[in-house]
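As they're listed, the protein sequences go chains A and B.
Sequential numbering of the first sequence, starting at -17, is according to my numbering.
Sequential numbering of the second sequence, starting at -17, is according to my numbering.
Think of the hints as simulated: they come from the structure by calculation, not from any bench.
One or more of the hints may lead you astray.
Sample of chain A residues facing chain B (criterion: CB under 7 angstroms; computed from the structure) [stated by the list, open to error]: (1) 25; (2) 50; (3) 53; (4) 54; (5) 58; (6) 61; (7) 88; (8) 206; (9) 218; (10) 233; (11) 237.
A virtual CB, placed ideally from N, CA and C, is assigned to each residue, including glycine.
There are 2 protein chains.
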Amino acid sequence: MDNVVVVACTATNGIADGVAEILNVPLVKVESRTLPDGESYIRVPVDVSDKTAVIVQSLYPPQDKHIIELILTMDAVKGYRPGSIVLVMPYLAYSRQNKRFLPGEPISIEVILRMLRSEEADAIVTVDPHRQESIKSFNGNYAIVDPISLFAELFGKRSKDMVVLAPDKGALSKAMDIASVLKVQFTQLEKERDRKTGEVRLVGEQNFRFEGRDVLIIDDIVSTGNTVIQAAKFAKLNGAGDIAVAASHLLISEETYKRMVESGISRVVGTNTVPCKYSETIDVSPLIAEALKKIL
Amino acid sequence: MDNVVVVACTATNGIADGVAEILNVPLVKVESRTLPDGESYIRVPVDVSDKTAVIVQSLYPPQDKHIIELILTMDAVKGYRPGSIVLVMPYLAYSRQNKRFLPGEPISIEVILRMLRSEEADAIVTVDPHRQESIKSFNGNYAIVDPISLFAELFGKRSKDMVVLAPDKGALSKAMDIASVLKVQFTQLEKERDRKTGEVRLVGEQNFRFEGRDVLIIDDIVSTGNTVIQAAKFAKLNGAGDIAVAASHLLISEETYKRMVESGISRVVGTNTVPCKYSETIDVSPLIAEALKKIL
């Protein structure tokens, strides 16, 4: 780590500081402002020539501004002729647009990763992207951080007769992972469309018992909250006890948080990949530092 | 033009429609919305395979969002396998950050152009970029549209004893061009710093007569308005008659417009590269269509 410097871009939510401290390497904070016409101005005030520059930028809202500020920072760093550039993007925007669901759509996540690679990112580190396969389209070294161990630690103490609930198919493998660590049961909901009315309803495993059991709903991203709210209502209706939600990335408004509470969710846990004042937040800096040690 | 289609991205201010109509080619409007979490969603709803896709997107505020929407649209177009991609960017954001004024700054305009080239733009068309040399860094075909002829047409009728004023060094060649077409005098202001107080004041040519003459202040971009306001005050102080401002790109707020009027400016003329309700606006579509005819 002799030659490493952490460059905090405009959106790190404390993670750049955390990683630099754990790795015991210098931290450079980018100077930034929005110019009167709305353009982003950034400057890297310290010479990073010949260094491995680890640029930290989380692509939470406003995503597009944070992407452009990252790309400008990369160019600023390149002006110094660094040894290499590693990008840490705790939250990776556009990861859900990972294929052309309809003709004429972009594959947005591939566009973003391709741009970063063209701009000479040698490696990337991200936390729980929506689909791991998307990251493979990055034509360079990469590491993916999984916060499941942090959630398991938090919920391990109260796991007696708890059940982990995947609110949809996409969350199943995550639910299996944490259930396996916690040594508790998991179950899954599926969306079923009524052939006559077109209405979508949730269906659970037959005879699965929620009655009196605490439920941990697990997901990668919560934004509108609709998926976890429907799952919570389903569990409540079936007699569940306390309901908690743990998700890697919480992009929720106060309004969404209130709707979550009203649906019976009593605890919301996320990570600091995205700033969120309506949740308990776990710091992913130690896991990111570990991942960096492996690829640097 | 048999094989050309104009694709209107999210920010064309009517120019995509204008260009398609003049060239008599089909116009496809991108479907777009902002998702609940703030990401941009776009879709190109018409198959453009084997076509020359002319994507129109003006990079006015919010610049970063418009840049990302353009890049996503390019990927959506590429999904159809077009014959080639031409980008029309009437207003090109970040053109003023065209060198590292301080160490550690990015060369933002080069970053943007490089990204567009990497994403397979074959050619670009833009209107009066801040520095023409910046555009040369685009490693492909390009055309630059100069709206000076439109301004000359508008001011030609009232040019008797008018003087064209360059408010700073950067605007001088533009002032010379329009003065030459209008067959009137031009003059220039320079910023001079007082060695004792550090104050900046404007200095004009010695013995240049503003007294009783109408003044046309010319510039490429007006955003804070400070440069043209100082020039207007200078001209007024020296006895000028009516003062007009003509600029290719007006990124002004109502507040800035009011300050311009208070400084003695009686007429503000811009183009439709940027939406501006505080000015007379000239349509650049015909000039862009001409430029496209040459490079297509």
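Checked hints:
About 5 angstroms separates the beta-carbon of residue 25/A from the nearest beta-carbon of chain B, less than 7 angstroms, and the hint is met. Interface restraint check for residue 50/A: the shortest CB-CB distance to chain B comes to about 4 angstroms, inside 7 angstroms, so the restraint holds. Given hint, residue 53/A at the interface with chain B, holds; its Cβ is 6 angstroms from that chain's nearest Cβ, closer than 7 angstroms. For residue 54/A, the interface hint holds, the least distance from its beta-carbon to any beta-carbon of chain B being 4 angstroms, beneath 7 angstroms.
Interface restraint check for residue 58/A: the shortest CB-CB distance to chain B comes to about 4 angstroms, inside 7 angstroms, so the restraint holds. The beta carbon of residue 61/A is positioned within 7 angstroms of a beta carbon in chain B (closest approach about 6 angstroms), and the interface hint is therefore held. With its C-beta approaching chain B no nearer than about 4 angstroms, residue 88/A sits inside the 7 angstroms limit, and its interface hint holds. Among the interface hints, the one on residue 206/A holds; its C-beta lies about 5 angstroms from the nearest C-beta in chain B, closer than the 7 angstroms criterion.
Taking 7 angstroms as the C-beta cut-off, the interface hint given for residue 218/A is violated, the closest approach to chain B being about 24 angstroms. Among the interface hints, the one on residue 233/A holds; its C-beta lies about 5 angstroms from the nearest C-beta in chain B, closer than the 7 angstroms criterion. Of the supplied interface hints, the one on residue 237/A is violated, with its beta-carbon coming no nearer than about 11 angstroms to a beta-carbon of chain B, more than 7 angstroms.
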